[in-house]
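Q: For this one, chain G is given, so just place chain D on it according to the hints.
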Amino acid sequence: MDRLADWTIRIGGIGVILAVFGIMAFLAEVVVPLFTGGEVLSRIERTKDAIRGRVLVDKLDEYRTLSVALTDDGRVTAFHVASGRAIEARDLDLGGGTITSFAHLPVNGLIALGFADGSVRFGRLGVEVKVIASTDVPATLSDLGGGDSTDGRAVYTRLPGEQVRRLAVLAQLDAPQSIAAGKAIVGLDYRAGGTVERPSRAFVTVDSDGVIRLSNATSRVNLLTRQVQTQVATTTLPELPPGTKVSRVLMTEKADQIYVAGEDGQIFRFDTRDFAKPMLAEQLDLAPGEQRLTLLDFLNGEQSIVVGTSAGAVDIYFRLQREGARSSDGYTMVRARSLEPHGAPVMGFAPSIRTKSFLTADAAGNIWFRHATSEQTILKLDPPAPGLRYEAVVLAPRDDGILAIGDNGRYYNWRISVPHPETTLHSIFGKVWYEGYAEPSYTWQSSSGTDTFEPKFSLVPLIFGTIKATLYCMLFAVPIALAAAIFTSEFVNRQVRAVVKPTMEMMASLPSVVLGFIAALILAPIVENWIASVILAFAAIPLGLFLGAYLWQMLPERLALRFGGLPKFALMFLAVGLAGYLAWWLGGAFERLAFAGDFKAWANGTVGSDAPFLALLLLPLSFIAVSIGFGRAFGLAWRDLLRALAPMQAGMADFARWALLLALAILLALALAWTMTGAGLGPRGTLVDTYVQRNTLVVGFAMGFAVIPIIYTIAEDALNAVPEHLRAASLACGATPWQTAISIILPTAMSGVFAAIMIGMGRAVGETMIVVMAAGNTPVMEWNIFSGLRALSANIAVELPEAVKDDTLYRMLFLAALTLFAMTFVINTLAELIRQRFRKRAMQL
Amino acid sequence: MNYVERDATRSLAEALPRSRGRVTDIAARGEPYTWALGGALALGIVMIVGFLILVLYNGATTFIPKPIAVMTLADGAVVAGEPFRSESYRPGTAVLEKLAPETRARIAANDGYASRTLYRIGNYDIYNEDFRWVSDFEVARILYPADLIYAERLEWGPFIGRLKSVHVGGAAREAASIPEAELVRLHGEARARWQRLRGIERSEIGAVNHQIERERLAVRKAEIAHGAGSAEARQRAAEAATRIAGLQKEYDGLATEARRLREEDRAVRVTLAAIGGEEKELPLSALVRFYPANAISLTGKAGIYLSRWWEFLSDEPREANTEGGVMPAIFGTFAMTLLLVIAVTPFGVITALYLREYARQGRLVSVIRISVNNLAGVPSIVYGVFGLGFFAYVLGGSIDQLFYPERLPNPTFGTGGLLWASLTLALLTVPVVIVATEEALAAVPRSMREGSLACGASKWQTIRNIVLPRAMPGIMTGIILAMARGAGEVAPLMLVGVVKLAPELPVDGFFPFVHLERSFMHLGFHIFDVGFQSRNSEAGKPMVFVTTVLLVGLIFLMNISAIAIRNRLKRKFAGSQF
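Listed in order, the protein sequences are those of chains G and D.
No gaps in the numbering here: position 363 of the first sequence is 363 in the numbering used here, and each next residue is one more.
No gaps in the numbering here: position 64 of the second sequence is 64 in the numbering used here, and each next residue is one more.
These are computed hints drawn from the structure, not numbers from a lab.
Computed from a prediction, not measured in an experiment: that's the story for all the values here.
Wrong hints could be hidden among the right ones.
What the hints assert, rightly or not - With a straight-line cut-off of 35 Å between C-alpha atoms, the simulated DSBU-like cross-links for lysine-lysine are:
(1) K98/D x K600/G
(2) K500/D x K280/D
(3) K245/G x K277/G
(4) K221/D x K805/G
(5) K805/G x K130/G
(6) K130/G x K221/D
(7) K459/D x K840/G
(8) K500/D x K805/G
(9) K164/D x K66/D
Stated by the list, open to error - Example chain G residues on the side facing chain D (calculated, C-beta under 8 Å, incomplete):
(10) G13
(11) Y550
(12) P801
What the hints assert, rightly or not - Computed footprint of chain G on chain D; a stretch qualifies when at least three of its residues, placed anywhere within it, have a C-beta under 8 Å from a C-beta of chain G:
(13) 378-385
(14) 440-449
(15) 481-495
(16) 519-532
(17) 552-560
Cβ coordinates follow ideal geometry from the N, Cα and C atoms, glycine included.
One chain only, chain G, in its complex shape:
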């Protein structure tokens, strides 16, 4: 029994401690994959006997089972990737034409062919995927291995639960449309849109004479007869400089921008928003010097353009609106990202259809898997055979496989795993230039409705939000909590303390969801309505208390001694209450005086002057300065004078001195404020800006509720733990309670008090519900006290319930939790070390 208890307790004890570190380890374990890049799981190579001719494009289904290649002779060949066996080969009916150009859209499998006779044909190429019941599968199948089998037309994959996946070739071609009579089409790009009843197509063609045409074909489908009527409108773009050899044509989704690239790297950007009047918007050289342009293509979403050159450079350009842009439409192409260059000319490119990942292949046979946002090269696949060049590289639709068709009669298939290409330390903590943004920024925007969205995972705005909330909260909470603790410990008697302390501690047990609710739904509208009064209250309450104190000093000594206990404390309540009431009452007048009668407009910077508010901010400093000045100049003389006077008269004299100094301080603050405003220094635009209802002021106040009791209790305990003999000795030497408190007790208990502040700060950093409810949750990075914020904790609470397990967002939120853990760990450990030191010191006394 005894031994059993021994072991249980030992194991249990150590187990709990291990659990503590287990939390950290677990969080870290979830986070690590964000930074581990990717890996190649397997590689196979097979001979591509089935494919003849040069491959124009190759498509792969999302299960990486069947691949469909289109060659320049118009032949479509489907082959089973794992075994290399040909499944089906058919010739598209080209009507005897010769393919001279080709375009395809990776996202939806649309293709366009340009012919030597000046016509174009559109179509679709891909893999058709269907899930059928196992009873519908043809009886005679030949096995392909790995659970796949074929009947010579389609591949069948067995699935769990009596189901079978059927994969077959999808290839179709529409009727030709003549665009450039007799001239071969050498460049082509194409986008489709419209509705089911009225599909529309936009396409741009370049013929062998260098004439660029933009055509818009609108089809009308007769719902009864299923007949299709097509109308084509064509416009000719401004001519290129003579001698330009067009190597690439690109068009955006809405057909409002057309990029034409010459082989020498000259890019011509046409603005075609006005279909009737297309214009050359911009011309620039993307491959300077001897380089040739070898790659120009869109990333998924068509916001970024990837540019590759014969020197191996891979850059990403955005079209951005810029002041003073040297273009006719105000936009200009900006090189936003420079990626790791290849050692050989860039030859192949394949974008992901879900993310901002893409493949680049070079002439030396290297294939690199990259990600545009994080600018990292995640996988580098070495050439499987020396001197190999690829005819086509394909990225599997789920970014989990790469198929490369070599010119050596073989093809290669890698199975890869790149779960989190978008995150690096730099993309999480550094500035990133996101698509469509004017400049690099710290941004958190984790999700949106579309596939083409670029997720923005910067923790910096969230960490900033946490720090901002904590800072403003501490500015409010620390003075109140410490002052209250000193007063409780040094100036009230035992009975009062026995009531006051539990009352303040009761505040600690208020659930933060309640505080958040009151702050957001009750306090925020009130503060918004009475903002001038609230600001005034920050000045009025301290002033009211000082006024009360000077009035109290004028009391006859006998009365002052008699009512020095509870009645005096009650008067302090009264002073706070009266000052608060006064602030409320004078709010309107104050708003007219300082904020031109409309605080919100003032905060926006549209009306009024910075000076009055700045003066209010400067008032404490200027008062301290004036007091010190007075003390230096007349301090001793004044004290001698006070001693010479009768107590009541001394009180009056002191009051007069205070009033005078306050007046001087106000004048000084105003003068300073005017000068500073004149010099262009003002709080607006930084500390004060546009007012929103759920703002940091409200959050700071509500979090103060949560933090004040913690700081108060621990600080009060620390002050109270100062040995009684020190207090007694100080008082016996003639020091007043105030002198004892501030010069003896506080310095002795300093480390305990400091620990209290640190622990309070730890709580503020991790506070969740209040920030979720009252902070508005906008991840902005500004110090404006009247704007909202999004803290790490709130972000986790809001986004984690929606995150998919093991997704990038899921792991990012774990990283946010780990960051929070680390922040509080540092703060708390520091506090604990200080506290232990304090305990040791206290023991010695």
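A: Relative to chain G, chain D alone:
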């Protein structure tokens, strides 16, 4: 002389007046500073007391029936509603321009502020809003007609208007011609019928469905165990088919009964007319309660006040949680706290025992202390993240693989639930128990331990019979404080199993009776949900206040009982000091 004393004397020397002369002067008393300190304390107390009064006042007055004001506005429109709250505000310039000059002058004289009142106008299905601000300067006349009723409905929120007619037995009767007693009786019958109907639909049909689902799962389990199409699976499927056929018959019987009741229910209807004359016809049972708001007696008011409280405490929520009761949330909070205590007590106490009684006091123990204190400071949301990732996904996922393969891919334990929420909060509150227990153990005099050991008791016997009983008050305090902390936490629960509306309680009549894997409702989350995620936060506000009162009351009760238990047990041991 050590460091501190040196320090102290230096400060003292600085503090003492440098000039000679009489006693201390007035400046040395530091009166203004003292007042600043005291003022801070006063402010703190004002904040907490004000806060409590705000919550208590709003919570306590929410259920009091208020009169219905019928206002004729300056533009001739008639608005009927329950006054909700008043405030002063600044009308926009567009509004001001339309006003009469004297009204404008009056507002201008008041710094541009005018006062307005928010009225609950109800009838959401007619007006598309529940509340309406009415500025004082808009009102031409206010009346309080006696025949207006305030009717709480099952759907669409309250109805404010007149009771026009009642249809019973196929005939419509003017409401005015029906004696009040009969109306009350009819309403009582209708409600009883509706309760019966709900009982059949919920529990009886629910039980049948539950059994059918169990049969289906059993077949699936057999298929997984023996392979689909195996003899065992086929046999099990045949058994299930016969049982399901029997259950289906039972289901049909219940469904017929329910249909009959619903027809009866629909036969008793009531027509209500809004103040503007718009009429609404609905079953009498759809009225939860109704009363003539302006003609009700004081006892009637008290009755409605109490009945609303009772509904709040005992019923389920309706109308997206903004009306009805919070019984499931109370139950969920209670169940979670109970599980939390069961989980946290052994771990906390054992760790404290280890730290205080078993471990050698040294560097390791001080590191452990630092980490325990650190744990207390880790933000609760981090525990939530851990709970979701580790408990729900890792542990729960494994449990599902092992024990509930037939339900996959639907998770059983592999998602947030009561058990995981309790364990997460247990982890969160373990430091509270450890610290409290440690302090309690440290307070047991060494002499008692030595006495026991000297008498020949073993270490465990000493701990069990001497140390633990003496430390009990401290341990109890720690546990209750952990409960209070746990009951008030919401952030981690949002990640590990709290939902806005749980269809089933975690305890019910189906084997194994306690369903720890189920998600649950929680008072704290209820506050967040109703206040922030409902259609109209204004409509939810009263509910939030009442829930807040309940939650804060619960937590204070726990805190106070912690103090009371500590004091009582302290007294019990006070006499036996060695």
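Q: Compare the structure with each hint and give your call.
A: Right, here's what the structure says about each hint:
| no. | hint | in the structure |
| --- | --- | --- |
| 1 | K98/D x K600/G | holds, 24 Å |
| 2 | K500/D x K280/D | holds, 30 Å |
| 3 | K245/G x K277/G | holds, 24 Å |
| 4 | K221/D x K805/G | holds, 26 Å |
| 5 | K805/G x K130/G | holds, 27 Å |
| 6 | K130/G x K221/D | holds, 29 Å |
| 7 | K459/D x K840/G | holds, 30 Å |
| 8 | K500/D x K805/G | holds, 22 Å |
| 9 | K164/D x K66/D | holds, 21 Å |
| 10 | G13 | holds, 2 Å |
| 11 | Y550 | holds, 7 Å |
| 12 | P801 | holds, 6 Å |
| 13 | 378-385 | holds (count 8) |
| 14 | 440-449 | violated (count 0) |
| 15 | 481-495 | holds (count 9) |
| 16 | 519-532 | holds (count 6) |
| 17 | 552-560 | holds (count 4) |
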